[in-house]
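Trainee: Sequence lines, in order, name chains D and Z.
Under full-length UniProt numbering, the letters of the first sequence match residues 1 to 459, in that order.
Under full-length UniProt numbering, the letters of the second sequence match residues 1 to 459, in that order.
Treat the hints as calculated values from the structure; they're not laboratory data.
Okay, the calculated bits of chain Z under chain D, using three or more residues with CB under 8 Å as the criterion:
id: 1; region: 166–173
id: 2; region: 389–399
id: 3; region: 432–440
Calculated cross-link-like contacts (lysine-lysine; reagent style DSS-like; alpha-carbon spacing at most 30 Å):
id: 4; chain 1: D; residue 1: K156; chain 2: Z; residue 2: K426
id: 5; chain 1: Z; residue 1: K26; chain 2: D; residue 2: K338
id: 6; chain 1: D; residue 1: K426; chain 2: Z; residue 2: K426
id: 7; chain 1: D; residue 1: K328; chain 2: Z; residue 2: K274
id: 8; chain 1: Z; residue 1: K267; chain 2: D; residue 2: K267
id: 9; chain 1: D; residue 1: K426; chain 2: Z; residue 2: K25
id: 10; chain 1: D; residue 1: K25; chain 2: Z; residue 2: K404
id: 11; chain 1: Z; residue 1: K328; chain 2: D; residue 2: K325
id: 12; chain 1: Z; residue 1: K325; chain 2: D; residue 2: K325
id: 13; chain 1: Z; residue 1: K426; chain 2: D; residue 2: K157
Built from N, CA and C at the ideal position, the CB exists for glycine as well.
2 protein chains.
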Amino acid sequence: MKIENFQKLFYPKSVAVIGATKNPKKMGFHALNSLVKTFKGKIYAVNPNYDEILGVKAYRSVKDLPETPDLAILAVPRDAIYNSVRELLEKGCRAFVIISAGFREAEIADGEELHKKLKELVDSYNAVVIGPNTFGMVNLKADLNASFTPALSLLKKGDIALISQSGGVCHLIAPYSMREGIGFSKIVGLGNRLNVDFHDMLEYLKDDKETKSIALYIEGIDEPKKLCEKIREVSRVKPVVAMKAGRFEKADKASKSHTGSMAGNYKLYVSALKQHGAVIAEDLIELVSFAKALAMQKPMKGDRVAVISLVAGLGMVASDYCELKGLKLAKFTEETQKQIYEILPPYTIRDNPIDLGFVANDTKTCGEVIELAVGDENVDGAVINYIFSWSEEFLEVPTKAIIKASKEKPLTMCLNYPPGFWDDVKEELESNGIPVFSTPEIAAKSLWALREYDKRVRE
Amino acid sequence: MKIENFQKLFYPKSVAVIGATKNPKKMGFHALNSLVKTFKGKIYAVNPNYDEILGVKAYRSVKDLPETPDLAILAVPRDAIYNSVRELLEKGCRAFVIISAGFREAEIADGEELHKKLKELVDSYNAVVIGPNTFGMVNLKADLNASFTPALSLLKKGDIALISQSGGVCHLIAPYSMREGIGFSKIVGLGNRLNVDFHDMLEYLKDDKETKSIALYIEGIDEPKKLCEKIREVSRVKPVVAMKAGRFEKADKASKSHTGSMAGNYKLYVSALKQHGAVIAEDLIELVSFAKALAMQKPMKGDRVAVISLVAGLGMVASDYCELKGLKLAKFTEETQKQIYEILPPYTIRDNPIDLGFVANDTKTCGEVIELAVGDENVDGAVINYIFSWSEEFLEVPTKAIIKASKEKPLTMCLNYPPGFWDDVKEELESNGIPVFSTPEIAAKSLWALREYDKRVRE
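So that you can see chain D by itself, here it is in the shape it has in the complex:
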């Protein structure tokens, strides 16, 4: 029943913004603005002081709305939240985003009390609430921006669901992902997790056809057992990547004040998350990069890596990072090694890690070597490093061969180029399922994530 209400939350036909306003200094303005810019369903504004806001008809109160909205976004003062939610529930609304703050995260006497009271109310209706104390959420594939930041609609549509306890972290990952071209299905800021916590989101996303991998940014955990059990269940269906903040005491303390729960013992939690099937990310770039690789590629079945690079330096860096994460540089079979020695001239490096530098503009040969190396029976996966040099006419990426090789084994790529130069190459590779990153380190670590996922779900 709660799951049905998740459908209303993420795929509403109508949305009401309670506390919408013309004052651009208030959240209610931005929340309505986000909707107006992208949402194709019905939009209602509620505010007794206006007839119209941003071209949307405004109603005096929830009771005056001509229909029950599927989703209500609340940006009213904290003390008005309870009554607004009650009115909406009575009208039949079952999905809420509560942006307003001042609940159990705050140093206010009745914050905890108000949280409990509100939770009892919404639970009694089986309603779902994102927040309070959240920027909101976006469902990019439904053109739904239920947040106070219109610019989040600029994100690319994709297959990653990002579930975060911090809105700030979402606002950091979003522009990074815009620049890197990483796409999302849904981004949700859980805030104080009144009655939608990580485990609820995991349960919903398990069967969400628009999500291929799930990234979790976790500060505090209220119900570790439920979370771990759900990770075990969901990670068998699709990859779950988790980053846990609060490694040290100070950050840990900040978590309590932030969204109302202690971050707890870092090592203990991370080890539990891992044991239950999550791939652990150490930083925010890893979080989104691992989720990207896992959404695009199959798990890697062994530890043996081939590293093939246009230039030796990148190959060295990638090799170092593969080994740092516990992967092994593959020893090619004699047959493969012989063939590579026949194809490549002596200027190049013909052992693993392979350097194609001096045949760089011989696209056919580069492609052949890539296919040979990746296809070798001693190789379980590969990192391929290409960077732009010379000019587009001189240097061509052997995309066809890379795409063919990727059907054989999991692979990740580093492809970096001056703005505008190889966007089409990246597009071709990614539309064929090859995750492209900007540095050899993150390409290598993302290949490790493919291996780690395989290990986690088989333990």
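Model the placement of chain Z on the given structure of chain D, informed by the hints.
Mentor: For chain Z alone, coordinates are given in the frame of chain D:
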């Protein structure tokens, strides 16, 4: 005397490309193309088969050149290198970039021999040679692109000199830096280091007024003692950041084939570089980020950090990374703490790490808190985290206060925003000496680099 020739290398009035050609499948085409596009001095092409290439008059041989070029760029076949260089030396040329490969890095019988013979020749003239086996170098402030990649001229002019044993690494850092707006004075691919090695470059850059910090990407080290001594000397004058590849055996082995020297024991070398004054970077993003922070900010005199964030999540991540690197979250004095409690409402986090979330659009208050926290006598440096949310009208970065605070103590910033939204804000901050990064992790680690530099040069 060698130093004088470095001036000709980096600030030539005339440049000749030996082996220039109209064939875009050859390096000689791209080397000339790079020059033609940006260089304002005299350009000569040498190739017996053409009268003109890319609008530049071509001469049949070096002997036919109407004047002695200050700098010669060689892209002739490997077997023609020795004679070309000899002719140029006899004509009076003393600075060379040798792009051609096939010397001691290659599995060719006489590679090592040719290397030695060429070295004896150029050394006898006190000439300087970048390469062989290099993409070349750029001196952005002289509009000199002496490389085979015209797009390197798109880099921003700045204060970092990047000296790399790998051209690939330069071609990776370049586009990253274009996107991040990181500027360089000079980028040099040392290649096989015929007679210009890291220690020679350090000696030259020590007095280079256009360089404020030096980034080294090192694979193998031929003369560790000379390098360490030069790092000790130069790091007392300006910061030196070093990244060492070849952490593991495989990468190490690749180094030999790459630019002709074994990478050697990673831990031993890194520890020696560090002891002599280098700040060690673990990856390529750290390398360029640390160099950026150190080019812009003063060293940090103690370990105590204030973390001030627009949103708590980023503050937690930054705090974790500060502590991971060994910095301590500062405990504010009672007076400062009291004042911050008076200024900030209870919804915010008023202890270190400070969260400004709920007063985000009160720019004046945010600025006051930043100045108070950074100015506190228990604070040695600060990380400030801002991300774009709501809209530009709603959220303003307190740039004036941040700039004022940065006069007191070293600080780094994380500022992230959708493409195009806050470019002017970043520009204002950076033109006032505040290094701005895209994630809280790298902002925190770069603050650590400011602390580490202080420690390294005082040990």
